[in-house]
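Taken in order, these protein sequences are the chains called V and W. Numbering-wise, the working numbering comes out as the position in the first sequence, counting from 1, plus 18. Numbering-wise, the working numbering comes out as the position in the second sequence, counting from 1, plus 3.
Read the hints as simulated data drawn from the structure, not as lab findings. Quick reminder that beta carbons are idealized off the backbone N, C-alpha and C, glycines included. This list has only true hints and no planted wrong ones.
Sample of chain W residues with no beta-carbon within 10 Å of chain V, all distances over it, derived: (1) Gln21; (2) Ala39; (3) His95; (4) Thr201.
Straight-line distance between alpha carbons at most 25 Å, and here's what the computed SDA-like set of lysine to any residue pairs gives: (5) V:Lys302 - W:Trp146; (6) W:Lys341 - V:Arg107; (7) W:Lys341 - V:Pro113.
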Amino acid sequence: MSGELVFIAELGINGALAGLMYALVALGAILIYKSSAVVNFAQGAMVMTGAFATWWVAENLGVPIWLAIPVAVAVVFFAGIGIERVALRRMIGQPLIMIIMITIGLDVLLRGLVPILCGVGPYPLEVGISESPIAVGDILINRVYLVGGGLALLLVLFFIYFFQTRHGIVLKAVSDDYTASWAVGISVERAVGLSWGFAGAVATFSGILWGSIQGVDWTISLVLLKALAVAILGGLDSVGGVILAGVLVGTLENVISAYVDPMVGGGTRDLVAALIIFLTILIKPFGLFGREIIERV
Amino acid sequence: MFYRRAGIRHTDYEADWQIWYLRFDKIQVGIVLALALSFPFWVPKAYLQGYLLPWVIWSAAALSLNLLVGWAGQIHLGFSAVMAIGAYSSIHLMRAGFPFELSLLGAGLASAMIGLIFGAAALRVKGLYLAISTLALQFLIDWLLVHIPAISGGTAATVQAPNPRLLGFEVTSDTGLYYIALAWCLMVAAFMLNLSRTGIGRALVAVREKDYAAEMLGISSFYHKSLAFWASSFMGGISGALLAFVFYRAITPTMFTIDVSIQLLAMVIIGGLGSVLGSFLGSGLILLAPGLLNNLVNWTAQAMGLTVSVLILNYLPLVLYGSLIMGFLMFEPLGLAKIYDNARNYFLVWPFGYTRR
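Please build the complete structure, drawing on both the sequences and the hints.
Below is the structure:
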């Protein structure tokens, strides 16, 4: 292969893997959206919280990383349930802007509270994945990205399966209609709380991945924009859609930024994500696989 | 106690049309206005520049956003980008030789055009999707501002604002700058107060409540949504321009990031959606609370002989600000204006509380 092609392939593959990790962050937001039609603007901050929690458990309790990860996942899982119980449950029936704003408030709160509790960082997070890239032919693939992409795929598949089970169908019913679900005896509160817990757990996994790549500090929460791009492109209520959307966003971002960055002096990554969001909403608002919302008058 | 009323019972339409129909309210507004006008003469310069001036300008900006969010019900997560357009275009217009007044007008028009682009999304989608698309546009415009050297002068560059020249007189004193800001703020406030009495204001509220229902009454939601975006961006642009001319004096793109948009939205929501008074109270709280809290923490620490780490002092404002947003939404979603209203309604008929139903 010629050098140019290898370069593009390398960018594309690593971008696609990074995109799968964006998809993992988006998955958390989608789980919440699927149960309660709320987009969680605090998902980035929750990912950051997950990363800090893992670091804190591993550092301060002196446990090995394989034990710290499940502990942190459990902690953030229950934190997610707690957030729903304390803040979001009061907001049922309030205008949409209030609900959007409370997740933004949560984002701000977490970005302030977590550094006070854990320190600013950046802290290194060793998860035992070697830094050296894998060579496939001439193409070098980042090992952490590979593990991250694989984990994202696994979790997405798990949740696709989960939505076929009894509990998953309950969540789907709740997202369709709160009142009707109540009427057939579904505990709407428990279902929505569970989805926030899952979002917290998924956020912790992505936090660990991002933390091991770039170190644990507040900048992890900036992944929100990319996650929103993935979620919007795939469709806000489509669990499977995040895979294709993630690969698309990651590849586009990596390839475009590699070519455009030198011309304009950097910062194209966020631009690509923002453009994808804007164009998707203008052209096909409900994304590639999302269910169209038909409003009844 | 103050009002000595047994409720509000209008006997003619003229009374019903008034903005402030109680004598007490009129006196109250007069006192506040007199205070605002007299501040430069007795408030120390540091406080005037550090607290009152930004409060006045941010109130105007919050009022502009309130027109869109509170009156027309459209979510906007990118308002600081609109203000940035106003700030940059006014400075560049004035540097190109336009008079100050025309530069402000140009800034408003430029922002209004950009605001219409935000609005284009609103015509296609609403609610959640609108919120996310305005968020994306904020990033797009931020990026453009940073990466077009003709606008910002490069990534880390600042652009100096020339001194404002009002009617040919150069304004340099703090008092003069404060009065410019106050005049603009009063204009916006007067506009917003009267808006709810006009047909357009009522149409905006109808579109907010249910756009289909408004459409069936013959109110074009297309026209009114665009109008709301246009008008609020126009006022936001001029507020942004004044922020640059009167307060910052030199601007960089980092002064207009997504955090500022969220801060503005927080001002509007904590103050109270659709309330003029609320925007003033909300922006006051959001601007002043972090500084007050830091002073309080410092003072307590000194009094108790403790040392507070810089870390806590740096991040405490974020915690306060996040919990303010969440707390208000959870416990008083209609904001400070509603708290004021409750107190007023109580005292309106005090001590004859039973007259309130």
